[in-house]
Every structure is written in C-alpha cells, then in structure tokens.
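*Asks:* Chain residues, written in single-letter form:
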Amino acid sequence: MFYTIIEQVVNGIVSGSVYAIVAVGMTMIFGVLRAINFAHGEYYMLGTFGAWFAIEYFDLPYPVAIVIGVVATAVIAVVVGNIVMQRIVGAPAEAGVLATLGVALILQNTVILVFGGSYKFFSGGYIEPVTLFGFTLAEQRILIIIVGLIVFIGLELMVTYSRIGKAMRAVSQNIECCAVVGIDVRHVALWTFILGAGLAALSGVLTAPVNVSVYGGMGELITFKTLPIIIMGGLGNVRGTFVAAMILGIAESLVATYVGLQFRDTVGFATLMLVLMWRPHGLFSAQARF
Amino acid sequence: MTEIVRDQTVTAAEHKVATGPDLRVPFGLGLAALACVAPLFLGNYPLHAIIIALIFLLPAHGLNLLLGYTGLLSLAQAAFFGIGAYASALLAVHFGTPFYVNFLAAGLITGAIALPLGIPALRLRSTSFVMCTLGFVIIGQAIAKNWISLTRGDMGLAAVPRPYFALGPASFTVSGTVGFYYLVLVIAALATLAVYLIVRSPAGRNMIAIRENETLAESVGIPTWHYKLVVFMISAIFAGLGGSLYAHYLTVVSPLTFQMYYSTTMLIIVLGGGAGTISGVIFGSLLFVGLTEALRVAPELRMIAYGFFLLALVFYFPNGFAPLIGRFWSFLERRK
Amino acid sequence: MTIELSRRGFCIGTALVGVQAMSSGAFARTEDGTVKLGLVAPMSGPNARYGAFSLRGAQMAVKEITAAGGIGGRKINILAGDSQGTPVEGVSATRRLIDQDQVDYIIGDVSSSVTLAMQPVAEDAGVLLLNAASSNPKITYKAGVGGFKWTYRNYPTDENRALIVLQYAAEKKGFTKYAVLSVDSDYGRAAIEFTKKYLPRFKSQILTEDYYKEGEVDFRSVLSKIRDSGAQAIIMYGNADSTPIVGRQMMEVGIAGKIPLIGNAEFNTEKTIKAAPKALEGAIEAAAWLPAYDSAKSKAFVEKFTAEFREAPNNHAYVHWETVHLLAKAIEQAQSIDREKVRAALSSIHYASAVGDVTFDDHNQARLPMILLEIENGKPAIKGAYSAEIDYPK
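Protein chains in written order, with numbering that gives the first Met the number 0: chain A, 0 to 289; chain B, 0 to 335; chain C, 0 to 393.
Just so you know, these hints were derived from the structure itself, not from any lab. Ideal placement from N, C-alpha and C gives every residue a C-beta, glycine not left out. Warning: the hint list may mix true and false statements.
As the list claims (entries may be wrong) - One-sided excerpt, in silico: chain A residues whose CB lies under 10 Å from chain B: (1) ILE35; (2) ALA98; (3) ALA103; (4) LEU112; (5) ARG238; (6) VAL242; (7) ALA250.
Claimed, not checked - Non-contacting residues of chain C with respect to chain B, defined by C-beta distances greater than 10 Å in every case (computed): (8) GLN83; (9) VAL87; (10) ALA92; (11) LYS137; (12) ARG188; (13) ALA189; (14) GLN231; (15) VAL357.
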C-alpha cells in the first residue's frame, strides 16, 4: 500500500517534469506577451517531427536529432514570432487567443499536409528500463528529469544574471517603463517567444521515445495540459510553474490509480478551479514573475 | 489597443444615432424578406449552411452580450451549448415532450446551471476567468462521458426526434430542411430581438459602462457584480437554446458536443463580425459558416487557409467586419 | 492606402470563393454515367491520423478500378469531404456531397457519432451510406429493418469480437481475472459493455476498469495499479497509435511478458511489435483483417499500398479499400448506377473479400469473419476465423 503510493508519486514526478519543461516556456511567453498561447503544443509537435524526420530520413543518431528538432522549431518560431507574436504585444486578450489559434491551425495542418495525417513511430531514444531505488524507469525518463532540473536551474540563472533575462523580467512587469528606459520590447518579446518555443520542442523530442506515436495533431493535448499549470503556477512565474507541474503530475497519477484513468484529464482543470477559489491569482503570486 | 477598439465601437454606435433611421430600415426589411423566400431559390446544401449559421447565432449572441457589451472573455459557450443539447435530447428521448417544451427547458436548465458556476468564476480576473470557463468545457465533457446512467456516455443519444409541436389534439412535425430553416429563422429573429431589447435598455448601457471601466461603473452606483452574473446567465441561456436546436437538427448528441471547437467558433463569429454590435454578429455567423463551407473546395488546405484567415482577421480587422458595414452605409449615404 | 487596397482585395476574394463554392453545384451533374462516390473522413486536426488511411485506401481502390477499365466501362470518381471527426462538420460535408457534388454513394465516417448524424441525412436524400469503420452497434440496430434503409455497414460490431476474445482467453489460456484498459470512446466503452455481458458465462471477473483518452501518453500509473491487482490479462479495445505507448510502458513497470494484452488495438502490425516486442508477446487479438493475413488478395493489397504510400497500411486503409471494391461489385451486379438497384444488389451480394465471403443481414450489417490471432515469437499466429449472427435487441 505504502509502496504503491510512493511509486505513484514517482510516476507523477516523471510526468510532472515533462509538463514542467513545456509549461515553463509558455509561462515566460505569457509573462512578456500577455497572451495565452493556444499554439504552444504545436511547437512540442514540431520538435518531435523535426527529430523524427532526422532519424527516419537521414538515419541520424538520437542526440543529433534532438538538436535538429529544437533548432528547426526555433527557426519556425523566429518566423512566427516576427510575423505574429510581436504584434500581439499589448493587444486585447481575445486577439491573442484568435491569432494563436490561427497559428495552431496553420502549423498543425501544414505538418499533416506535408507528412500525411497518419501516425508515425518514433524509433530513437533510450528505452531500456533500469531499476533505481526499487523503481523501474526507462532510461529516457531519467534523462527527462535531469534535463528538467537543468532547464530550471538554467532559467533561474538566466533571469537573475543575464541582461536579456533581466529585460524579460522588466518587460513582464511594465512594458511602458521598459520602452522609456530604452529596452527594445519587441526584441525581448521575440527572444522570449523563441526560447519558449524551443523549450516546448525540447520536451517534445525528449518524450518522443517513451510516447512513441508521432502525428500532426499531437500538440493540442499538450496545450490543454499546460494551460491549467501556468495559471496555477502564477502566470509568468517560473518557480511556481515548476511546482504546479509537479503537483499536477502527482495528482494525475493518484487519480489514475485510485479513481480511474478516464478522470485524469479533468484533474488539471478541477485542481485549477479549486486553487483559484482559494487563491484567485494562483498558488504563487503573479507579482513574483520569473 | 484595447482602448482603441472600444472607442471605435462607441463611435459606430453614435454614428448610428446621428444619422437616424435611414437606408438601414428598408435594407433590413429587404434582407428579412429575402430570408423568408430563400428556400425558393436555394438548394438543400446552402440552406443547411444557413441553418448551421443561425443555430450558431444563438450562442454567439450570448457571447456577444458577455464579451462585446460587458467585456468578459469566456470560452464556456461550448459547455452550455452541450448542456442545452443534452437537456433537450434527454427530454425528447425519454419523455417525448414537444419541441417548444424541450427548447425552453434547455434554456432554463442551462441558466440554472450557469448561475452557481458563475458565482465563483466571475470573482476571477482576466486570464484566470478565461481558463476557468475553459475548465467548464473540459469537465462538462468528462461528466457527459462518465455519467453513463444519464447520458449513455460515449454511446451518445441517437435518434433525437425532429421537432414536433403539439397543441391540444393537433400536432405536426417539422421535418425536412425547409421546415427546419423556417423554424430556426423565426427563433433566430426572436433571439436577435431579445438581444436588441436588452442592449437598448438602461441595463445595456450599464453593461457598456462595466466594459469601459468597471471601477468607475461601480463608483456611480451600478451593481457590477449582479450585472455580470446576470449577463453570464443570459449568455448561457442563449447557448443552451442553441444547443437544443443543434440536438434536434443533427439528431445525435454525444460528449463531442462539449468541444472547444464550439467555444472558439463562437469567439470567431463574435470577433469576426464585430464584438459589441448585433448586426456584426449576424454577419459574423453567416460569414463564418460561408467561409468554412467555401473552403471545402480544397479539403487538405482548408484548415490552413482558415488559420491564415484568423490571422488576417486579427491584424487587419481588429474590430471585425462591423466597421466595414458602417463604412458601407456612409458610402451609400454619400451617394444619396 | 496599401492596407486599404489589400483589405478590399481580401474581402472580394473571400466573397468570390464563397460565391464560387455555392454556385458550382448547379453544373456538377454529369450524365455520362460516371459513378460519383463521396468519402467523409476526418482529414484535418488531431483526428486526421485516422482519416488519412481511409482516404488512401479508398483512392487506391479507385485507381485499381479505373486501371481495370472502370465498373462495366463506367468511370469512378471519388470526392472527399472533411469531417474533422465532429458531427456538425460531418453533416455539412455530407450535405455538400449530396446536394452540391450530386454523389450517389457515400462512404464514411470513422467516428461513430459522425456516422449516426449522417444517417438521417443520407436517408432523406435516398443516398447510399456505406460505413466502413464505425463500430457503434446502434448504427445497424437502426438500419435495414430497424429503420434506415440506406445505411449499410461493412465493418464488424464489437459484440462478436468481445465474445470471441473472451472465449479464447478463458478456454485456451484459462484466464479468469482481467483488468480493463480501453479507449474512452464509444468503441472502447461498447466493447467492454459486451465483454461484461459474457463474463458470467466464463466465470470471469474484471478487477480494475480504466479508460484512456484518445492521445493519452502516460500509462505508468494505471499499469502499476494493474500489476498490483492480480489480473491475468489486460482487456484492451483501443486505438492503434496508443498500443506501442502502452507496450513500452508495460516494459517499464515490469509487466511485459507477464500480463498479456487481449482485445483489439492493432497488436499484430510489425511496427507495433517492434516498438515493444516483450510486451506484445502473447497478445490475443480479434481483428477484421491484419496485414499479415495469408491470402493472395490481402498480400497483394499490402504490397501495393506500401509501394504507393511508403508506409504499411492499417485496418482503416484496408476496410476502405475493400469497401470501395465491394460497392463497385454491387454496381456491376446491378448493371446500373440507379441507387435503388445498387441497394438491392448490395443486400443480396456475395462478395469475396480478402478475408472471406461478405454478405449483409436484414439490418444491413455485413457478416464478416473475425480472425483470432495470438502473437507468438514476435509474429502473429492465426488461431482461427469466427463468424456469428448478431443478436439484435428486440
């Protein structure tokens, strides 16, 4: 009994780390652009497709495929960022929703058009199970947890010490003041967006070996999984998002065990509503951005 | 940009007042007459497209009251659309009640469910509120899937009867596309009238005041909280009524009725037509359905083209197409 | 001014597309005897992963028929309609195919909810609706003598499937304790309903019951629970794309090779087995068709499809390919494209499919042989083919 609970918590942390890497990108984008990005899951999908393409068509090893997936997504993000996302800065929320929905439709269905709609198998990665402290995990999952930690620490350092990181924090707090003191808001917005999209792609490539199936519409589920996390974590709050992702991962795992897998996808939004009733600004105040 | 959007809407409204009754009355009447005789020259497929547009018009009117007049962005329309569809279908399948009973019950039930949901949700601000309303859709679908004794879960409710009316011993069933077209046309016209009356009433002015500046509205004595709650409920009722029409028209209700698809569609209709205008929303629903159907000429490119259309809408027509209609009027006036 | 211009151009363009689309139907009717066949399937959005195979299968069949000189000299023309897996879109696509493109026959949809919504539309128009991939039993409960005269289904219902799988698992393997892990759709839910109906007959029980959402990727929690529950097999009626994920995670939680999968979710394809060989060993599946099926016609199909599209066909590709051929045979036998005659021909058809003889019962439901297979040494081994009459609710 006790062992089961511990094991399910471990399972939760494993899925939580995946959510964390995707969500952290989305929350940073929100912080700077103030836009709910309904296309965020599509970058996850693009990253996975990039890596799948590299492995399937050029027979490249998995580590190289990771780089290709992330770089390809970043290139697309530069285009989307320049054409679309920069223009949403300061626009009303509904404009952001429609624009990102449009981007999602275009990216998703272009991939379907180019690669065909059918699902593909992702064959790279390290899928052998290993036993660690009595828990069996695929090697890939250990990699995911490690990368999750690195991303978290890296982002913390970046927003605290680097110039662009400080600019991101500044923009997320007050756009007008940044413009006054000479911070190029559009430039910061673009870089934040590229970074966020790149992180989504990274998590896509990292999870592809354990998730196996690759198809054009796979991003949508990720978007909906991520939305409650970023709200719970306090929009634009990196630390909060990590904690919220872990809470959701563990809660989902426990619900899947003790209630039923069919209720799993409601956990995110149900938890969110409970949290919001108790703390309308999320678990962690949105004031502590990044 | 938010401010700009709203200023222009106000200007458009003032513009109407300034020019008074003009070409719009005859034009509107002409359009209504055209709608009445449409089945004479339109085939089943265009009629079907218009029926869908008119069914979507109801939830869109609801969302417009919420977003366009009160300034609250909600994605919950799909949840209320689904509740209305289930309510209506369950009544029709289990009790065989006539259409008008199902239809009105769908509205009432949806409104009754929306009220307790609105109380916690409306305490939230901006993005949190949007996500909370999105949550209603996700949880609504889970309930539809898992409350099998009531909803039959994923098997759905099939063979929902076509609308039938019973008055005393006489009864007749609306069947066929043309019959349904007139039924939906009448309901849509009544709904539009209802929205018009709400908007033109003092309550409508207070709603706009809340949209423009909630704190200020509160300071001049408008009970903003009650207003928002009531408008949220009314918008849900409209969605529920639309759901009822959907159930009787498509004859199938399944958990798929609780889909983000409907929420985003309503949002596209309202923003595409022009939030805060009634004619804009009517135009928006026709435009939306016309466009998605027109794009069927190229099935593979359809959704890509639709995505580009959304981007064009946001960036070139941030106020929707309503200002365009306004400009059309002034153009006609100048020629007069 | 430039913006102004582009805006105007944009509006006019949009309007023109609309007018074009609405008016093109007037000229669509051709009287040269071409067979017009509509195909409704999800082709965009997340569900496109099911629609893509359907369209390819059907297109390949059309190509073959054309290459063979058409149906008794008649050309066949396929028109696609996108349903997105949503009833309202599916009905719009159907309406368009019927009224605008003037098709006489429609094949579709994959999703049962969409098919159920299409049924009355096809019935009102008197257009033949031949379903090839929806498994909701209601579709044919309501068809034929049940009401909808124009609906036919060339796809097995889940009732036979559930019985055959359970019988084999109980009698040949001696299983009595099961865990359920099926897809949360009408397919997964209905198959488990039928399974429960037959459980007492084999003195078996279900210990845990879970349904996964389409596109779910994380099964670790539920698989750990199943491992600790003492179940002897996992009953899974699911989607093909989820099976490799489940297989890999079964390896992770250490139940691969200990608790086999039974049911139907494309356990037998080469790719699936390759993704998680240890987990799929011993899997038992009842399928309408499988790529490894040993008949000349089936082998030729697999070969041709793989050559044409660079990927192996799945079940959806096969059923749509076969259904187009089935329809062509009916038209050929009717010696006419008159819908009424083709319908009559379909009701009395004896069609030699790649897996056996196909006939329709009085509910317009195809009687199809169900193939039972078990994965042995990484290869599907066929254990028999079963066919049974459906027990319609009175």
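*Asks:* Starting from the hint list further up, note which numbers the structure goes against and sort them upward.
*Replies:* 5, 6, 7, 8, 9, 10, 11, 12, 13
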